[in-house]
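Q: Residues per chain are reported as follows:
Protein chains: 2
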Amino acid sequence: MYTELRALLSPNELPSDTAPFLLDQRKRYTSTDCLVVQPNSVQSVQKIVRFCAARDITITPQGGNTGLVGGSVAQGGVLLNLSKLNRIRHVNLADNTITVDAGCILHNVQAAAAEANRFFPLSLASEGSCQIGGNIACNAGGLNVLRYGTMRDLVVGLEVVLPNGELLSHLNPLHKNTTAYELKHLFIGSEGTLGIITGATLKLFAPPQSTETAWVGINSIQSAVQLLSLVKNQFAERLCSFELVSQFALNLSAQHSHIVPSVQAAWHVLIELTDSLARDDLGDLLADFLYTNGYENSVLAQSEQERQDLWTLRENISASQRALGASIKHDIAMPIVAVADFVEQCGAELIQHYPDMDIVVFGHLGDGSLHYNTFLPNVLSNDVYQHEDTINQIVYRHTLQQNGTIAAEHGIGSLKRHWLPSVRSPAEIALMKAIKAQLDPQQLFNPHKLLPD
Amino acid sequence: MYTELRALLSPNELPSDTAPFLLDQRKRYTSTDCLVVQPNSVQSVQKIVRFCAARDITITPQGGNTGLVGGSVAQGGVLLNLSKLNRIRHVNLADNTITVDAGCILHNVQAAAAEANRFFPLSLASEGSCQIGGNIACNAGGLNVLRYGTMRDLVVGLEVVLPNGELLSHLNPLHKNTTAYELKHLFIGSEGTLGIITGATLKLFAPPQSTETAWVGINSIQSAVQLLSLVKNQFAERLCSFELVSQFALNLSAQHSHIVPSVQAAWHVLIELTDSLARDDLGDLLADFLYTNGYENSVLAQSEQERQDLWTLRENISASQRALGASIKHDIAMPIVAVADFVEQCGAELIQHYPDMDIVVFGHLGDGSLHYNTFLPNVLSNDVYQHEDTINQIVYRHTLQQNGTIAAEHGIGSLKRHWLPSVRSPAEIALMKAIKAQLDPQQLFNPHKLLPD
Chain A
1 MYTELRALLS
11 PNELPSDTAP
21 FLLDQRKRYT
31 STDCLVVQPN
41 SVQSVQKIVR
51 FCAARDITIT
61 PQGGNTGLVG
71 GSVAQGGVLL
81 NLSKLNRIRH
91 VNLADNTITV
101 DAGCILHNVQ
111 AAAAEANRFF
121 PLSLASEGSC
131 QIGGNIACNA
141 GGLNVLRYGT
151 MRDLVVGLEV
161 VLPNGELLSH
171 LNPLHKNTTA
181 YELKHLFIGS
191 EGTLGIITGA
201 TLKLFAPPQS
211 TETAWVGINS
221 IQSAVQLLSL
231 VKNQFAERLC
241 SFELVSQFAL
251 NLSAQHSHIV
261 PSVQAAWHVL
271 IELTDSLARD
281 DLGDLLADFL
291 YTNGYENSVL
301 AQSEQERQDL
311 WTLRENISAS
321 QRALGASIKH
331 DIAMPIVAVA
341 DFVEQCGAEL
351 IQHYPDMDIV
361 VFGHLGDGSL
371 HYNTFLPNVL
381 SNDVYQHEDT
391 INQIVYRHTL
401 QQNGTIAAEH
411 GIGSLKRHWL
421 PSVRSPAEIA
431 LMKAIKAQLD
441 PQQLFNPHKL
451 LPD
Chain F
1 MYTELRALLS
11 PNELPSDTAP
21 FLLDQRKRYT
31 STDCLVVQPN
41 SVQSVQKIVR
51 FCAARDITIT
61 PQGGNTGLVG
71 GSVAQGGVLL
81 NLSKLNRIRH
91 VNLADNTITV
101 DAGCILHNVQ
111 AAAAEANRFF
121 PLSLASEGSC
131 QIGGNIACNA
141 GGLNVLRYGT
151 MRDLVVGLEV
161 VLPNGELLSH
171 LNPLHKNTTA
181 YELKHLFIGS
191 EGTLGIITGA
201 TLKLFAPPQS
211 TETAWVGINS
221 IQSAVQLLSL
231 VKNQFAERLC
241 SFELVSQFAL
251 NLSAQHSHIV
261 PSVQAAWHVL
271 IELTDSLARD
281 DLGDLLADFL
291 YTNGYENSVL
301 AQSEQERQDL
311 WTLRENISAS
321 QRALGASIKH
331 DIAMPIVAVA
341 DFVEQCGAEL
351 IQHYPDMDIV
361 VFGHLGDGSL
371 HYNTFLPNVL
381 SNDVYQHEDT
391 INQIVYRHTL
401 QQNGTIAAEH
411 GIGSLKRHWL
421 PSVRSPAEIA
431 LMKAIKAQLD
441 PQQLFNPHKL
451 LPD
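Chain order of the listed sequences is A and F.
Under my numbering, the first sequence has 158 at position 158, and the numbering climbs by one with no breaks.
Under my numbering, the second sequence has 416 at position 416, and the numbering climbs by one with no breaks.
Keep in mind the hints are simulated off the structure, nothing from the lab.
Fair warning: there could be bad hints in the mix.
Which copy? The list can't say, so a pair holds if one copy fits it or any two copies do.
As the list claims (entries may be wrong) - Lysine to any residue pairs mimicking SDA-like chemistry, simulated, CA-CA at most 20 Å apart:
hint, residue 1, residue 2
1, Lys-433, Ala-53
2, Lys-27, Gln-386
3, Lys-184, Ala-434
4, Lys-184, Ala-125
5, Lys-184, Gln-264
6, Lys-27, Ala-326
7, Lys-433, Ala-265
8, Lys-84, Ser-210
9, Lys-47, Ala-427
10, Lys-27, Tyr-354
11, Lys-184, Ser-422
12, Lys-433, Glu-182
13, Lys-47, Leu-277
14, Lys-184, Ser-425
15, Lys-184, Asn-403
Using the sequences provided together with the hints, build the complete structure.
A: Right, dumping it as structure tokens:
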């Protein structure tokens, strides 16, 4: 059967080395018994989908394979990697939009925008290898959400191949369009279960002309929340990033990065302001603001190098924590007012169960979103996952108590599908299943992901 | 049967004067044979819905009854007016959100935000009587979309009564939440066909500290589009409004408003910049910008009174055009690059058919959205609608040729449902009907609206 499909494709649509596509980013999931294809045109995607639909073959779409929840792992069927759909289609300056193939690497979209003297704001750790289609399918977040929103907010229009091979194309830059149910938002965040995104029209912005970055040491999360409220009211949309880092996380990252942090404190906040007009006094305003409000244990980056160092400390947390071994990670969000209570109460209960546990807490406090990663230094890496259920039960119970969500910006994938009923009602899941059944009655697209059985 | 329902409700939930709820804003549609109810609690809404579901009685939800497409008109069944659900529930300063009942009048939400030293940006002509629930159900647009988005972009969470009486409540301020299909966006813009919105959590912003308003005369729409591109790249998110007005529309409004316009030209643009930081030089920057780029036929408001006058000229266009008699109105949007061609080509074809036609063109050029209203001065008002199909055929054909949409910010309602297939594919409409069938299998909520039969 695969022979027949291979025969339909050009040789360059069948990669010889399939290893990079089979193992997931966290090395927890491996694709098995599947044919890896890399269609080089939208028509080829449609051809493959039609072929599979006629023969009941499942299709698992895959972008840059940088997901953290096992969302692009195939058991059998076709693993359809989008990397060859990588054209920047065009930039429209009047409408401030860029239209791209889904397989464009995020960094290349940022670069194409910059070349047109515009700014595409989505920014996250894997931007050098993740792809726009995957960013859309997972509703990616990252570092600039506070100012520009998540990927969902940046999508003007989509081009999608449906499970029957039909192409749905809405790539025109319509800034207003209220014509019955907004289906675009179903595909965004659907993790490839409803359609394969092949292209998108995205919003562009004027490039920032001034940037100011501060690192602030504080003694509690309550104090960070207070600072957030003050800075948001003072600087409004200029506030681009407001990142929380625990002292433990900072120390790990500092060691890994060979950078000595200038500030010591129980908790840390990285603040970045940007302005689309050149503004010489923004740094002074920020310094005055911090001083006046009593946040004196802080430094402002005085050069681009100093700014890079502050960001390196923040961005290397993920890499540096690998030294602690395997971890049970949580990508959670909650109302900002609830974060301090959550960290205190959840941490206390975890330590009660696991007195030697290391907890790495950092994340996008400005969005109420936390990376909450737990390590068991005295448990062998291979055995850590035996504790996953117990730890998740505790962390998610506290998250839900604070009216939070179990998936902020990494999605549901394979890892969390059995948790979906904790945040979505039976009526909602029934509706989701009806939507899935309407678009994909054969259940061929990204099987065993997202929705519980 | 209605006797039984009346008995379930308190006396103050049954208005004695029902006339204001029965005739629509444009006086084109009248509700008939229906019971008007005004539930005073979410529980009461659920009770009514459950009563109706058990007896196959249709329910037409209604907010401020300011819609322009006959979306809240009932033929039989229950007309459920939300006006009594009018509490501001609470303001959350850390998360920058406000939670309100759906029946709150838009102006009251703006005022509650201002009282908390925050800004709620949705602003439109009927803000003194339209309601938040209706704004959400229709994805309202208005004057500040360029900077803050449409209503869809302002909704953090919704509380909705489903057609079976079940309550779906997601009012927590989650700024990031990627847990399978985003159903919130189905209810936004669904015009009451999927659920009755009873409450919402909305985004707040820092109040603008500086405002600068300019009126610019130009000789062509091309020139306006060029100006838009320049001003967007220069002032970025500070650009709050960019309104296009034809000379004919301006003259009508000037006469109606008793204000003498300072600028004469074929076309006019109203530009408003706002800044969340006090900035003394914003007016100078705007004046320099206009001068440097050759847009010298312009005035900057030098006082709040002058600013009000400029806005009055813009906002009174709708009221002033009533002097021309009944009209066939179009609420369309298209890529901004296409607006000039549309106005030229569509106007030419209309004038060929109707040499005496008056065309009032104005709208939110910054969003590619136009109010395109046609008048036949030599046809009696009552007979104008006989030409509706012919005129719509021409206008919508040109709109679609420019990859535009037939409904930008007023919705589909009764008026445009037969046009929906021109902008949504059979696969999309089939999916919408499946969604409707799943949530409302008895087809009880807002029947004969939105989706074609």
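Q: With reference to the structure, classify each hint as holding or not holding.
A: Verification of the hints:
In the homo-oligomer, the alpha carbons of Lys-433 and Ala-53 lie at most 20 Å apart inside one protomer (19 Å), although the nearest pairing across protomers, at 23 Å, exceeds that limit. Proximity of Lys-27 to Gln-386 under the C-alpha cut-off of 20 Å is restricted to the intra-copy arrangement: shortest distance 16 Å within a copy versus 67 Å between copies. For the homomeric pair Lys-184 and Ala-434, the shortest alpha-carbon distances inside one copy (17 Å) and between copies (16 Å) are both at most 20 Å. Taking the shortest Cα distances, Lys-184 and Ala-125 never come within 20 Å of each other, neither inside one copy (26 Å) nor across copies (28 Å).
For a Cα distance limit of 20 Å, the shortest separation of Lys-184 from Gln-264 qualifies neither inside one copy, at 46 Å, nor across copies, at 42 Å. Only within a single protomer do Lys-27 and Ala-326 lie at most 20 Å apart by alpha-carbon distance; the minimum there is 11 Å, versus 67 Å between protomers. Proximity of Lys-433 to Ala-265 under the C-alpha cut-off of 20 Å is found in neither arrangement, the shortest distances being 48 Å within a copy and 56 Å between copies. Taking identical chains as interchangeable, the C-alpha atoms of Lys-84 and Ser-210 are never at most 20 Å apart, the minima being 36 Å within one chain and 48 Å between chains.
Only between protomers do Lys-47 and Ala-427 lie at most 20 Å apart by alpha-carbon distance; the minimum there is 18 Å, versus 35 Å within a single protomer. With identical chains, the CA atoms of Lys-27 and Tyr-354 are never at most 20 Å apart, being 25 Å at best within one copy and 69 Å at best between copies. For the identical chains of this complex, Lys-184 and Ser-422 are inter-copy neighbours only, at 17 Å across copies versus 25 Å inside a copy, given an alpha-carbon limit of 20 Å. Proximity of Lys-433 and Glu-182 under a CA criterion of 20 Å is satisfied in both settings, with 18 Å inside one chain copy and 13 Å between copies.
Proximity of Lys-47 to Leu-277 under the C-alpha cut-off of 20 Å is found in neither arrangement, the shortest distances being 48 Å within a copy and 54 Å between copies. Taking identical chains as interchangeable, the C-alpha atoms of Lys-184 and Ser-425 lie at most 20 Å apart only when they sit on different chains, with a minimum of 13 Å there against 22 Å within one chain. When the C-alpha separation of Lys-184 and Asn-403 is checked against a cutoff of 20 Å, the pair qualifies only between copies, where the shortest distance is 17 Å, while the shortest distance within a copy is 27 Å.
Against the hints set out earlier in the document, violations occur for numbers 4, 5, 7, 8, 10 and 13.
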